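2 protein chains.
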Amino acid sequence: MYTESIVLTEKNKLKIVDQTLLPGQLKYIKINGLEDSIEAIKKLKIRGAPAIGVMAAYTLYIIANNLKSFSRNRFFEELKFAGIELKNSRPTAVNLEWAIERINQVISDNPNKIQSDIAKLLRKEALEIHSEDRDSCHQIGINGLEIVPEKANIVTHCNTGSLATGGWGTALGIIYAAAEKNISLHVYVNETRPLGQGARLTFWELNQAGIPCTLIADSMAASLMAESKINLVLFGADRIAKNGDVANKIGSYNLAVAANYHKIPCYSAAPVSTFDFDMNCGSDIPIEKREPDEILDIYNYKKGNSDLDVYNPAFDITPAELLSGIITEKGIIKQPLKINISKLINHN
Amino acid sequence: MYTESIVLTEKNKLKIVDQTLLPGQLKYIKINGLEDSIEAIKKLKIRGAPAIGVMAAYTLYIIANNLKSFSRNRFFEELKFAGIELKNSRPTAVNLEWAIERINQVISDNPNKIQSDIAKLLRKEALEIHSEDRDSCHQIGINGLEIVPEKANIVTHCNTGSLATGGWGTALGIIYAAAEKNISLHVYVNETRPLGQGARLTFWELNQAGIPCTLIADSMAASLMAESKINLVLFGADRIAKNGDVANKIGSYNLAVAANYHKIPCYSAAPVSTFDFDMNCGSDIPIEKREPDEILDIYNYKKGNSDLDVYNPAFDITPAELLSGIITEKGIIKQPLKINISKLINHN
Numbered sequence: 041m042y043t044e045s046i047v048l049t050e051k052n053k054l055k056i057v058d059q060t061l062l063p064g065q066l067k068y069i070k071i072n073g074l075e076d077s078i079e080a081i082k083k084l085k086i087r088g089a090p091a092i093g094v095m096a097a098y099t100l101y102i103i104a105n106n107l108k109s110f111s112r113n114r115f116f117e118e119l120k121f122a123g124i125e126l127k128n129s130r131p132t133a134v135n136l137e138w139a140i141e142r143i144n145q146v147i148s149d150n151p152n153k154i155q156s157d158i159a160k161l162l163r164k165e166a167l168e169i170h171s172e173d174r175d176s177c178h179q180i181g182i183n184g185l186e187i188v189p190e191k192a193n194i195v196t197h198c199n200t201g202s203l204a205t206g207g208w209g210t211a212l213g214i215i216y217a218a219a220e221k222n223i224s225l226h227v228y229v230n231e232t233r234p235l236g237q238g239a240r241l242t243f244w245e246l247n248q249a250g251i252p253c254t255l256i257a258d259s260m261a262a263s264l265m266a267e268s269k270i271n272l273v274l275f276g277a278d279r280i281a282k283n284g285d286v287a288n289k290i291g292s293y294n295l296a297v298a299a300n301y302h303k304i305p306c307y308s309a310a311p312v313s314t315f316d317f318d319m320n321c322g323s324d325i326p327i328e329k330r331e332p333d334e335i336l337d338i339y340n341y342k343k344g345n346s347d348l349d350v351y352n353p354a355f356d357i358t359p360a361e362l363l364s365g366i367i368t369e370k371g372i373i374k375q376p377l378k379i380n381i382s383k384l385i386n387h388n
Numbered sequence: 041m042y043t044e045s046i047v048l049t050e051k052n053k054l055k056i057v058d059q060t061l062l063p064g065q066l067k068y069i070k071i072n073g074l075e076d077s078i079e080a081i082k083k084l085k086i087r088g089a090p091a092i093g094v095m096a097a098y099t100l101y102i103i104a105n106n107l108k109s110f111s112r113n114r115f116f117e118e119l120k121f122a123g124i125e126l127k128n129s130r131p132t133a134v135n136l137e138w139a140i141e142r143i144n145q146v147i148s149d150n151p152n153k154i155q156s157d158i159a160k161l162l163r164k165e166a167l168e169i170h171s172e173d174r175d176s177c178h179q180i181g182i183n184g185l186e187i188v189p190e191k192a193n194i195v196t197h198c199n200t201g202s203l204a205t206g207g208w209g210t211a212l213g214i215i216y217a218a219a220e221k222n223i224s225l226h227v228y229v230n231e232t233r234p235l236g237q238g239a240r241l242t243f244w245e246l247n248q249a250g251i252p253c254t255l256i257a258d259s260m261a262a263s264l265m266a267e268s269k270i271n272l273v274l275f276g277a278d279r280i281a282k283n284g285d286v287a288n289k290i291g292s293y294n295l296a297v298a299a300n301y302h303k304i305p306c307y308s309a310a311p312v313s314t315f316d317f318d319m320n321c322g323s324d325i326p327i328e329k330r331e332p333d334e335i336l337d338i339y340n341y342k343k344g345n346s347d348l349d350v351y352n353p354a355f356d357i358t359p360a361e362l363l364s365g366i367i368t369e370k371g372i373i374k375q376p377l378k379i380n381i382s383k384l385i386n387h388n
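Those protein sequences? They're chains Y and X, same order as listed.
Each residue of the first sequence is one higher than the one before, counting from 41 in our numbering.
Each residue of the second sequence is one higher than the one before, counting from 41 in our numbering.
These are computed hints drawn from the structure, not numbers from a lab.
Owing to the predicted nature of the structure, the values given are computational and were not obtained by experimental measurement.
Be aware that one or more of the hints could be misleading.
Same chains, same label: a pair holds when it works inside one copy or across any pair of copies.
Claimed, not checked - Derived lysine-lysine pairs resembling DSBU-like cross-links, with alpha carbons at most 35 Å apart: (1) 269 with 343; (2) 221 with 329; (3) 343 with 85; (4) 120 with 67; (5) 303 with 342; (6) 303 with 374; (7) 269 with 303; (8) 282 with 303; (9) 127 with 67; (10) 164 with 269; (11) 120 with 85.
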């Protein structure tokens, strides 16, 4: 039903879908090491918090495998360096940090193993991270069915599907799960300026899957809500603070405000790995600022015109109070989020 | 301080700025008759409700002037036909209808005049419509000063400046007036998807005028509001119903909802000619639907792919209750809009 965005081949080669080529072309590219991986993340050949976490884990295995016949010093140093570089490549998505820490844990738990054995352990751990993410996505989809109305008319933002995760997706996973149950649904896809992940990826994924969908500009969702054409808002999360504030693709907050005004339920869907208990609230979460040209590019201004002031944050913060709940693989966290987050996540 | 978008030359030739070439090139093109005029409107070489009203009036003069040596029958028939075609070229902007009706009134008031004299009268009327629009814009700017805070941080949508009107603009006219008074201000410009009138035109106009401004994607305004970086929302209007509901560029409603949530004043600015008392409320106003390719074009889908469902209304309705007021050349209409609209417009 969906396209695998990250594949470790039988010969232990890492391949990912180059998402910058979609929807024109579905092409897998090889990730041979750190440089390829960082470039893929920075140029958004791969994006989506869970997906970059999975790919980072595989990248560390690939590096370990490439270096297994090198000296122990070089082996560990390069792995350490790679972990830091990968972490810094996208500061907002916490799953990246989390996946790298799991890999680092395997390394520090096995100080006496030889390099080739460590490489094997990292392969196992990366496959496990991937497999867990696939399972989490599946369970998020199933758990989310509870909040999908009959005759669902859903607005979604950015891409939270198979291209954003190691499985069928988070918010989009719920839509896939609902489609599998033959629930009547229609999805309005926010194009998601400036980079068009909604238009290029989600709209493509849903059309591939045969799920009825309509592409809209981001500013149109509110007027569809005013016309009573929407009964659910679903998006993902790049990082969730302890109090339930959600950092997600820029425009999510705008959508949550519109949903609130029109009294439409609004949910974020994400695996538990997206929670960051070091962040007390949304304002603690670092927000990546990106290049002006991502917005300017389509408008016929001279390239690199530094006289033009353009504001281009990649994410925004939706405060907990605007969410009806957060859908995780462990269940739906309902209001009051702050209390229920600590209950669900600490007791499971 | 601003660029004249519509010019009748000394030799009675009509020239307009081709706005589709901005910001790359500031180029005037000639409008020789009906066909050029309709094409300019449909392809958005000229847009903005007041500007297309002014241009339509000039177009009818140009047609009359071209046909003044033809038979009376042909002269009147072609003018009648042209009026209907022009009216239908953009169904939402009421100023177009209004300007054409003023020209038609001159024709029907002078049944016994010869064609060349009628052409002269139409020239006079078109110049008057233009001059009145210039004065209206100026007065809207002056009237609007009342609601511009010290240290104004304004979000605006679409283009409501000299490119959209016969003068310095409506919402943007207020910004020009504030800049003339040396009020400290910063303008956040919504790019205004899908056609980018904010990015291509407003951002260009403001940079030309040396007014501090920042370009943002439409979905970013809400998060700027959450960060207390905005204290005023200003946009124009394409048609205003009797009860104060405002039809304006798609995305205006989204902005008004966000302003409401953040308790930020939100005003529409428009000349009195924008009111349509035949419309009891916003839902009576016809909303133009435009081609899917306007949204799809930047996303590398195959052209003319009719399997893809895209929703692309050119306008939305902001209900009166979301507006702090409507700024006109006759004064600021405050809440309750419905009552105050009829007071201001009937008693002046």
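These are the hints, each one checked on the structure:
| no. | hint | in the structure |
| --- | --- | --- |
| 1 | 269 with 343 | between (40 Å within a copy, 28 Å between copies) |
| 2 | 221 with 329 | between (40 Å within a copy, 34 Å between copies) |
| 3 | 343 with 85 | both (22 Å within a copy, 24 Å between copies) |
| 4 | 120 with 67 | within (31 Å within a copy, 57 Å between copies) |
| 5 | 303 with 342 | neither (43 Å within a copy, 37 Å between copies) |
| 6 | 303 with 374 | both (16 Å within a copy, 27 Å between copies) |
| 7 | 269 with 303 | both (13 Å within a copy, 26 Å between copies) |
| 8 | 282 with 303 | both (25 Å within a copy, 27 Å between copies) |
| 9 | 127 with 67 | within (26 Å within a copy, 49 Å between copies) |
| 10 | 164 with 269 | neither (46 Å within a copy, 48 Å between copies) |
| 11 | 120 with 85 | within (24 Å within a copy, 57 Å between copies) |
Going down the numbered hints, you'll see the structure goes against 5, 10, while the others check out.
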